[in-house]
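Undergrad: Residues per chain are reported as follows:
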Amino acid sequence: MEYYLTVLTLAGINLMVVLGLGLLTGFTGLFSFGHAGFMCIGAYTSAILTVTLKVPFVIALIAAGLVAGAVSLLLGRLTLKLKGDYFLIATLGFGESVRLIFDNIEPLGGARGFSGIAKNSNFVSVWIVCLIGIFFLVRLMNSRYGRNFTAIREEELASSTIGIDVFKTKLLSLFISAIYAGVGGSLYAHYMTFIKPSNFALIKSTEFTIMAIIGGLGSITGSVIGALLLTILPEVLRFIADWRMVIYGAAVVILIIVRPKGIAGGKEFKDFFFVVWIRRLFNKRLAKKDPGNGGKL
Amino acid sequence: MIKVLEINNLTKKFGGLTAVDDLTFHVWENQIYGLIGPNGAGKTTVFNMITAVYAPTSGEIIFNGESLVGKSSYEIARAGITRTFQNIRLFKEMTVYENVHTACHLNTDYNIWDSLIHNKNYKSGEKQIRQEVNELLERMGLYERRDEVAMNLPYGDQRRLEIARAVALRPKLLLLDEPAAGMNPDETNELVKTIRGIREDFNLTVLLIEHHMDLVMNICDQIVVINFGKEIAKGTAQEVQNHPEVIEAYLGKREEELLHVDA
Ligand SMILES: Nc1ncnc2c1ncn2[C@@H]1O[C@H](COP(=O)(O)OP(=O)(O)O)[C@@H](O)[C@H]1O
Ligand SMILES: [Mg+2]
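As they're listed, the protein sequences go chains A and B. To convert, note that position 99 of the first sequence is 101 in the working numbering; the numbers rise steadily by one, no gaps. To convert, note that position 112 of the second sequence is 115 in the working numbering; the numbers rise steadily by one, no gaps.
Hints listed in this document are in silico derivations from the structure and should not be mistaken for laboratory results. Keep in mind it's a predicted model, so treat the numbers as computed, not measured. Check before you lean on any hint, since a few could be wrong.
Below, a list of computed lysine-lysine pairs in the DSSO-like style, where the Cα atoms sit at most 27 Å apart [as the list claims (entries may be wrong)]: (1) A/Lys170 <-> B/Lys95; (2) B/Lys126 <-> A/Lys85; (3) A/Lys85 <-> A/Lys206; (4) B/Lys74 <-> A/Lys170; (5) A/Lys170 <-> B/Lys123; (6) B/Lys196 <-> A/Lys170; (7) A/Lys85 <-> B/Lys74; (8) B/Lys130 <-> A/Lys170; (9) B/Lys95 <-> B/Lys123; (10) A/Lys272 <-> B/Lys95; (11) A/Lys269 <-> B/Lys95; (12) A/Lys263 <-> B/Lys126; (13) A/Lys272 <-> B/Lys126.
Computed spacing ranges between beta-carbons, pair by pair [said to hold, decoys possible]: (14) B/Gln89 <-> A/Ile91: 29 to 35 Å; (15) A/Ile258 <-> B/Asn187: 40 to 46 Å; (16) A/Val260 <-> B/Asn90: 31 to 37 Å; (17) A/Ile107 <-> B/Asn90: 51 to 57 Å.
Built from N, CA and C at the ideal position, the CB exists for glycine as well.
Could you build the full structure based on these sequences and the hints that come with them?
TA: And the structure:
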C-alpha cells in the first residue's frame, strides 16, 4: 500500500511539471528541454525557505512557483525572439546551467545535495495541488489567453496580423509553465526530504517531454495520462530488473508509432466517445423529465 | 472624404532585386481600391510592408495620418488594418468557430484573473464575443460549418473564413490578397457580393490584390497597376483598361499565360 501511494505521489509531482510543459509545448508549440531547471529552482527555493528561514510550507510552495516564474521571464526575454529550434537549444543550455550552478553552491551542499527538509507533502496534498493546477489550466485554455496560445502554435504570422503580441504571449506561456514546474519542484523537495542537483539533469527534462508527447500534445487529459502512465510503467516493470529501461524505451517507441498524436490525440476527456455517449444518455433522461430545455444540460 | 492610407515613394529591395520601386498611391475612405499587375510584380510585397511583415527599404506608409513604419504587425492590426494571405494562413486544426473566436480577443477586456475565477467580467465578455462570432459567421455564410475543422473546408470557404477572421477585429482597412484565387465563376460572383456587403455593413475601406481582371474591373473604384514594382497606370477601371502599357504588360502577358496553359 505504502509503495503504491509513493508511486502515485511521484506521478502527481511529475504531472505538475508536465501540465506546465504541456501548456508551453502542446498548446503554444514551444519545445523545452529545460523544465527540470525550473523544477530545480523551485525545489531549492522552497527548501531554503522552510529549512533556513522557517517559513510555512504553503508559502514556500507559492514562492517556489513565483521564483521559477521570475527566472523564466529573464530567460524568455533573452531567448523567445529566437526562431523555434534556437529556443529549444537555449532551454537545454539553461537546464544544464541551473544544475551546474547548484552543483557549485557549497552553502547549499553543492553536488552532495541538500538534506533535512521536512516531509511536508504527501499523496493527498500533492494531488490537491494537481487538481487545482488542472482546474486553473482548463479555465486558462477556455479564455482569450488560452486561444491566443493555440493560435501561435497553429500560425504565428497570422496570429500577429490579428493583433496578438506573439512575444508577450509566448512569455506568458513560459511564465505560467515555469510556475507549474517550480511548484512541482517544491512538492518533490518536501516529499523526498533530500534533493541534489543531479536529480534535475537533462534526462529529467527529457522524461517530462516524453510524458507530454506520449500522453498527447495539446490536451490536458493527455498530460495526465502521460505523467501517470510513464511514472507507473517503470515501476510495474521492476520485476524484470536489468531489462526494465529497455522495455520502457521500446514501449515509448511503439506508442509513438501506433499513436503519433499521443494517447489522447489532441482530445480532452469530455470529447472521448464514451464520455460523449454517457452525456447524451443523461441529456435524454433530462429531456424526458423536462422537455422544455431541448435536451441540453 | 478622408484619406485612409497613403503610400508614398515606397521601395523594397531584396538584395539586388527591387520588388517594389518608388510606388505612390492613396486610398480614400470607403473605397475598394485595386492593386493589380502580373505575377511577381510586387503586389504581395506591398501588403507585407503595410502589415510590417517586411520593413520598407525606403518610403512612407501613413494610415489615418499616422506613420506605420517601425511598428510591429500586431500594433498595425490593433490600429485597424487586417489582411488575408495569398496562400491561406488559417489556424488549420481549429474549427471555423474557433478561428473567428480567437480573432475576437481584443473585443473584450477581461484579464487573466477574471478568466481563472470566472467572474462577471469574464462571463459577460465571453458571452458578448460568442454573439459576435455567431453573427459574423451567419453574415459570411459559414454558420452551418462552424464546427468543421478549418483545413477540411473547401477552398472557397477557407478564403471566406480568412476574411471573416480579418473582419472580426473590426478593422477600418481590409487588405485582401487574391481573394478569388482558386474560385470558380459562381464563387467569385458570390465573393464580389460579400466584399461589397461587408464594406457597407462594417464601414470598411478595402485594398484588393487580384488576378481575375473581370472581378477587378467590376468591383474597384480606383486601380493602380504595377509591373516590376513600378506604377504603370492609375485611375478608374475604364482608364486603366485602355492604357497601352497595361495592355502590353498585363493583359498581353495574361493572354500569353493563357495560351501557355492551353498548350
Ligand atoms: N522574402 C523575399 N525574399 C526575396 N525575394 C522576394 C521575397 N518576397 C518576394 N520576393 C520577390 O519579390 C518579387 C515580388 O514578389 P511578390 O510581391 O510576391 O509578387 P506578386 O504578389 O505581385 O506576385 C518577386 O520577384 C519575388 O520573387
Ligand atoms: Mg502575390
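Undergrad: Does each hint hold? Answer for all of them.
TA: Right, here's what the structure says about each hint:
Only pairs whose Cα atoms come within 27 Å are accepted, and A/Lys170 paired with B/Lys95 is accepted, the gap being roughly 23 Å. In summary, the hint linking B/Lys126 to A/Lys85 is not supported, as the alpha carbons are separated by about 36 Å, beyond the 27 Å threshold. The suggested pairing of A/Lys85 with A/Lys206 holds, with an alpha-carbon distance near 24 Å, which does not exceed 27 Å. The straight-line distance between the Cα atoms of B/Lys74 and A/Lys170 is roughly 15 Å, inside the 27 Å bound, and the hint therefore holds.
The suggested pairing of A/Lys170 with B/Lys123 holds, with an alpha-carbon distance near 26 Å, which does not exceed 27 Å. Our distance criterion of 27 Å between C-alpha atoms is broken by B/Lys196 and A/Lys170, whose separation comes to about 38 Å. Proposed proximity of A/Lys85 and B/Lys74 is supported: the alpha carbons are some 20 Å apart, at most 27 Å. Taking the CA atoms of B/Lys130 and A/Lys170, the gap is about 26 Å. The hint holds against a cut of 27 Å.
Of the pairs offered as hints, the one joining B/Lys95 and B/Lys123 is violated, with about 32 Å between alpha carbons and a cut-off of 27 Å exceeded. For the proposed pair A/Lys272 and B/Lys95, the alpha carbon gap of about 22 Å is at most 27 Å, so the pair holds. Distance hint between A/Lys269 and B/Lys95 is fulfilled; the C-alpha atoms sit about 16 Å from each other, no more than 27 Å. Distance restraint check for A/Lys263 and B/Lys126: the Cα-Cα separation of roughly 33 Å exceeds the 27 Å cut-off, and the hinted pair is therefore not satisfied.
Under the criterion of a C-alpha separation no larger than 27 Å, the hint pairing A/Lys272 with B/Lys126 is consistent with the structure, at around 21 Å. At about 33 Å, the CB distance of B/Gln89 to A/Ile91 agrees with the hint of 29 to 35 Å. Restraint check, A/Ile258 to B/Asn187: a C-beta distance of roughly 42 Å satisfies the suggested window 40 to 46 Å. Between A/Val260 and B/Asn90 the Cβ separation comes to about 33 Å, which falls inside the hinted range of 31 to 37 Å.
Here the CB-CB span from A/Ile107 to B/Asn90 is close to 52 Å, well matched to the stated 51 to 57 Å.
The structure is inconsistent with the numbered hints 2, 6, 9, 12, although it conforms to all the rest.
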